Amino acid sequence: MQRIGAWCGIVMIVLFSIFFSVMAKLFPPLSPTASADEIADFFVQHKIWVRFGIAGSLLSIVVSFPFLAAICLRIRRVEGRLGMLTITQLLAAAVFVPAFIFAFIILAAAAFRPDQRPPEITTALNDLFWLWFVGIAGTIIVQNLTLAVAAFVDKTEPQTFPRWYGYLNLWVATLSLPGGMTVVFNDGPLAWNGVFSFYVPGAALVIWLFATTFVINSSVKAQQAAEADLVAA
Amino acid sequence: MSAPTVRRIPGESGTWVFLFGDMVVFGVFFVTFMVERAKAPEVFDIARKTLHVGVGVTNTLVLLTSSLCVVIALGAMRSGMKAIAAKALYAAIGCGLAFVGLKVFEYVALASAGHGPGANHFYLYYFILTGLHLLHVFIGLGVLALLITQTRRAELSVTRLALVEGGACFWHLVDLLWIFLFALLYLVS
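Residue numbers (my numbering), protein chains in the order written: chain A, 660 to 892; chain B, 6 to 194.
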């Protein structure tokens with residue numbers, strides 16, 4: 660079961676990328692310096708595809724629930740009980756998913772009737788989506804730090820998290836930090852379409868998702884093999 | 006060191022996931038800066054000349070000195086001279102704090118001369134890149150403080166020593182990134 664959960668991470672990001680980037684054409688992001696008319700135009704032009712993309716994104720995000728559950732269970736294995744780390748991870752993960760969903764509902768509202776209202780309103784909704792979407796970096800950072808601590812205190816046998824995975828999490832946390840600054844900048848590398856706040860943290864997140872799936876899979880396999888040996892002996 | 010031909014990686018191998026990862030990302034940041042600079046070379050060059058090269062050079066020397074202190078501290082810790090190790094680490098932290106002080110002085114001087122991050126793209130990148138580096142300096146100071154606590158231990162296990170080495174490597178990375186940053190922002194015309 661936990662291995663299925665682990666795979667859900669990759670399934671989620673693949674589905675999400677297809678809906679978000681290919682269908683809704685929201686990658687690369689709309690510019691935060693674009694005028695209200697340009698933004699409204701985008702939504703009017705691509706209305707149907709953006710809506711389908713959002714619908715798909717909304718449905719693919721929930722695939723991450725089993726993935727996040729698997730992470731919680733692995734951390735609980737390290738702690739041996741429902742301790743601080745498990746609950747912190749649980750809370751951060753629980754906030755992370757609705758934050759995504761609500762952001763997309765706002766974007767759905769932007770794409771709902773862009774041709775029947777002043778472009779400024781569409782722009783405001785669009786702003787709200789991007790600031791939210793990039794600005795929720797904090798909930799990801801907390802998950803990374805929790806996992807890093809879990810990897811460093813891990814004394815389970817066979818190992819639940821390898822130590823390099825702890826360092827990888829520290830790295831992702833450091834890179835995600837600029838995303839939290841995105842509300843300050845309208846332009847440049849820290850704006851919501853900037854290299855430091857969007858592309859680098861995004862790439863780090865994808866690497867993290869694949870690494871997490873790999874780590875959970877191999878540690879569950881090792882655990883099952885150890886348990887099978889125990890039963891045989 | 007029973008087998009001197011065996012090449013040993015300092016710290017735990019996992020530390021290098023973070024160190025190399027960080028280097029790659031700063032590499033991306035540097036390339037981004039170069040691309041932006043290529044779009045407006047005159048603006049960037051005029052703005053570059055308003056930076057305080059003297060302060061930049063001083064900061065480079067300050068960080069190099071602190072790195073040297075960390076090297077001394079690590080050597081002292083390996084041979085069990087804990088008092089020297091602690092003193093060298095305090096000196097390294099002192100240098101780190103001096104770096105932060107000089108950086109703040111630079112920021113204030115630039116901002117009060119009307120060269121704040123909003124002035125043009127050079128200053129925007131200057132503040133963001135040095136700001137991200139300063140964040141690393143703060144993390145590094147925390148790491149050095151952690152190393153000081155390790156000098157108080159009676160005996161260092163192999164894993165702890167590896168952890169200490171990893172921390173030292175992180176401080177060297179902070180130093181290395183600054184040298185690149187200094188060259189890129191202050192010197193390249």
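Keep in mind that the hints were calculated from the coordinates and are not lab data. Just so you know, not all the hints are guaranteed correct.
Cut-off 30 Å, straight-line C-alpha distance, at most; resulting in silico cross-link-like pairs (DSS-like, lysine-lysine) [to be verified]: (1) K108/B with K92/B; (2) K44/B with K684/A; (3) K87/B with K814/A; (4) K44/B with K54/B; (5) K684/A with K706/A; (6) K880/A with K814/A.
What you are looking at is a predicted structure, and each value in this text was computed from that prediction instead of being measured.
Hint check:
no. : hint               : in the structure
1   : K108/B with K92/B  : holds (24 Å)
2   : K44/B with K684/A  : holds (27 Å)
3   : K87/B with K814/A  : holds (29 Å)
4   : K44/B with K54/B   : holds (18 Å)
5   : K684/A with K706/A : holds (11 Å)
6   : K880/A with K814/A : holds (17 Å)
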